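A.B. asks: If you read the sequences in order, they're chains A and B.
All residue numbers in the first sequence are consecutive under my numbering, ending with 950.
All residue numbers in the second sequence are consecutive under my numbering, ending with 87.
Note that these hints are calculated values from the structure, not bench results.
Here the structure is a predicted model, which is why all the values come from computation and not from measurement.
Any given hint could turn out to be false.
[Said to hold, decoys possible] Only part of the chain B face toward chain A is listed, based on derived beta-carbon distances under 7 Å: (1) S55; (2) R56; (3) Q85.
[Claimed, not checked] Straight-line Cα separation of at most 27 Å, DSSO-like style, residue types lysine-lysine; simulated pairs: (4) B:K52 <-> B:K82; (5) B:K61 <-> A:K788; (6) A:K477 <-> A:K398; (7) A:K297 <-> A:K706; (8) A:K330 <-> B:K61; (9) A:K13 <-> A:K95; (10) B:K82 <-> A:K802; (11) A:K303 <-> A:K325; (12) A:K228 <-> A:K711; (13) A:K711 <-> A:K381; (14) A:K601 <-> B:K52; (15) A:K788 <-> A:K297; (16) A:K381 <-> A:K788; (17) A:K95 <-> A:K47; (18) A:K788 <-> A:K477; (19) A:K381 <-> B:K24; (20) B:K82 <-> A:K325; (21) B:K82 <-> B:K61; (22) A:K95 <-> A:K381; (23) A:K381 <-> B:K52; (24) A:K601 <-> A:K788.
Even for Gly, the Cβ is constructed at its ideal location relative to N, Cα and C.
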Amino acid sequence: MLSIAEQDYGTPKRDSATLVTLTIDGREVTVPAGTSVMRAAALSDVKIPKLCATEQLEAFGSCRLCLVQIEGMKGLPASCTTPVAEGMKVSTQNKQIAEVRRGVMELYISDHPLDCLTCPANGHCELQDMAGTVGLREVRYGYEGASHLAAEKDTSNPYFTFDPSKCIVCSRCVRACDEQQGTLALTIQGRGFDSKVAASQDVSFMDSECVSCGACVQACPTATLSEKSLIDKGQAEHSLITTCAYCGVGCSFRAEMQGEEVVRMVPNKDGHANHGHSCVKGRFAIGYATHPDRIVKPMIRAKISDPWREVSWQEAIGHAAAELKRVQQKYGADSIGAITSSRCSNEETYLVQKLVRAGFGNNNVDTCARVCHSPTGYGLKNTLGESAGTQNFDSVMKADVIFVIGANPTDGHPVFASQMKRRLRQGAHLIVADPRTIDLVRTPHIVAEHHLKLMPGTNVALINSLAHVIVTEGLVKEDFVRARCDIGSFEQWRAFVALESNSPEAMQAITGVPAGEVRAAARLYATGGNGAIYYGLGVTEHSQGSTMVMGIANIAMATANIGREGVGVNPLRGQNNVQGSCDMGSFPHEFPGYRHVSDDKVRHQFEAAWGVPLRSEPGLRIPNMFEAALDGDFKALYIEGEDIAQSDPNTQHVTAALSSMECIIVQDLFLNESAKFAHVFLPGSSFLEKDGTFTNAERRISRVRKVMQSKSGYADWEITQLLSNAVGFPMNYAHPSEIMDEIASLTPTFTGVSFDRIDQLGSIQWPCNDQHPEGTPTMHVGEFVRGKGRFLVTEYVPTAEKVNARFPLILTTGRILSQYNVGAQTRRTENNRWHDEDRLEIHPHDAEERGISEGDWVGIASRAGDTVLRARVTPRVQPGVVYTTFHFPESGANVITTDNSDWATNCPEYKVTAVQATRVSQPSEWQKRFREFSDTQEALLKSADTLVAK
Amino acid sequence: MSGTEQRETAHGGEAHGGEQSLVKMANDIGHFFRAEPRREDAIAGIANHISKFWSRRMREKLLAQVQSGAADLEDLPREALKSLQPK
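All chains should be built: construct the whole structure from the sequences, respecting the hints.
C.D. replies: Encoded structure:
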């Protein structure tokens, strides 16, 4: 069912500089060439009946309801498939047309249940509407003949039902799966009367390759495909546009509401990042927001072995502030700090860093972006001049060669992956560099021309060998480099990569990628037209993460694949607000807008605005905080929306650091793993409960809108404000828009940003200022932000994490479509039906060698620790490499990962851990201790409930 | 901040992290800048990086380790650290 609040124009919008004028029912209409007659009519408020058409899909022309009469044309053409022409004269209504339409509807209704009053689509059913529109009054065929009314309902999917008895076989669902999602899981099976929608080889939706994006559900004009929430709750009565709080795509959604209850989330067709598409998480996995595990009362305790005590907000804030001050008095000003989260809004992260710098009086603030994309910021700032991706998502539609490095878009960024796949199906070339055979390597109608299946930890060796080919085979775009780049740095880089030691032939032994493949891929990227690189954490989470980002920027500059649409360097940010949390000054060395704290001019601006002196020395990064804690120098930590005890590497090191602190304040939705070490718990709000903005991977700032009251009474920005006031640094914002106004006043790339402006434009890509009043979709046009693009020499330095006889396999980690990061949100939804445990992927050869079969318990030991997971034996991973996800805390994936980190940013090296895998029969010792500790903490939480109940 | 000793965690296990972490960090930075053709540029690059991204206390601790002879710091970062010492 389409959104209750959006008008559907029947066929997609067409962009053309050529305008065409025609007449529809006597009205003159001017539209871009290529527009359908149906859309032209809709744009002039003439509604042509339709069933198989929706503007999200290409015209199909099957229902025959939209027939019109066009002067000079024979018969009654379908208005959806007929493009406008200059001077065309169209009649949408006359007796002949009416009779045909009524006849069509009569046939449809003769095989459709007449249960409108109890149907979930009642009131928004397009079939019902069309019956009314054409004036259907009787069905002459009767209802006794053969029909599909007894067809069995498929309720296998946890989020929607498929009721074939209501299906009119319009193919909208099939086309949505093909065109929008690109999974091609649905088909029309059979011919004539036997035609029916089938998932996969006529199996249940749950058993098919359906990825539950919900595009089919939205496209369905009847109640054949309906959200279970809609069936349960009924129709929404109002809606609000907000932004998804899952991945870095930042999809715009219309939250369809009944009062304060969400009925369903419908992707906003005008959403600039997602254009009406969604994934299983954003559309369906919002149940966590109202999950019984939500903690909605503040709690405190003296020791982590004490039961929690529910207290008033006043007492909790007062206690937290007193503890922070006590610790500073005892251990010094630098003994406390804070961690912000990429899951929080821009305004929230801005306030936390402000609290630390101005209220705590130090720069000990960091963000979880530290552990994902901090190398992106460092690498791109040093080469191109700005710590952000260069394009918008739509740019991919103009790419000729798409180069995906260390990213798994169909799982991690599924909505953008669908757009990318659309471009690939149009004929763009695909190169994938990944140790695993990710889905994108071979998916319906798409195959990677080159899959560079490198060994984990050898990215820089690979990028240097690609660069070697570009330089030595004369593929450098010399004109671009001479005009746009720093020549001295280019010559230095050229001489370095041209060394024989960087050739594909020399690097083959390191990377494991055949030299011929590398040469072919380099040639394709450099000469195949617009070359666009998309990369993820497979690039950044390495000891040479920053070096690899620089290496990527180097080859983009050398081949002139930057500074226009269709090209660029595109980091796929993991979480919803990774970009924003970095933009907002969450790093210990930078103010908002990536300006160093030692920059006197900038610091004085902030000092003047905030009214306090600020430190010019960088503070501690997250891993440095852990080290300082273990040394006894760092004693109190305020964590907003982050779960370091699960997400950060070397769990036992992290928990030792947490255990050594005297005051840990956790602000979150749930008693997450870090909160089990906390002394103060401040209940946070979900994205549905607050106003603010998120900034996605395209630098796109979008509004988050409050659709329900905060369950805990305060939005997260208000809690930070209360804490700040309690520690003695006054804050007095009445609304997050005032925080954004302050950000804009202090940040040159944000000067044109305000809530009002975002509301006017829908979203804004920074920089947005006097030079770019409507934002900047493509960066570095004409000139790099830093002036001349700077090449940097990127020597391959092998990781210190070596395989040997004791640890002969390399473990690499990643995530899966249905779960999200530490899983705190998605584990509390029906998404567990797809993935209810983390498994160890192991190649059949490695498994056979170890006597491991599918489903066996496998002990995985590294130099940092050991854990036990069940095996998934698959050739997806190459021999010598094992892989797991990290969505479940009891899996202990990060018990195994080590302290190695990126040289420049300390982003952990999650992607390379030397391990051994052996068949075992019971959980690891760590897992047993973890279970015991978690059970104790759960019991301490329950006893808090009991205390209140008394 | 050697962090070499193993500590008990709340999960009851041993923490194995942080071995020679500051020294390792400095050496890792040195490994990137050693590609600079001119030695003085490499040293300046390392010094600038440490100055921009390390807290004062981290710098002081590494310096103390170096001065006590305990740190296994490589040549380039050692030189860089010297250049960061107050004159």
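A.B. asks: Any hints this thing doesn't respect? Which numbers, in order?
C.D. replies: 3, 5, 9, 10, 13, 15, 20 and 22
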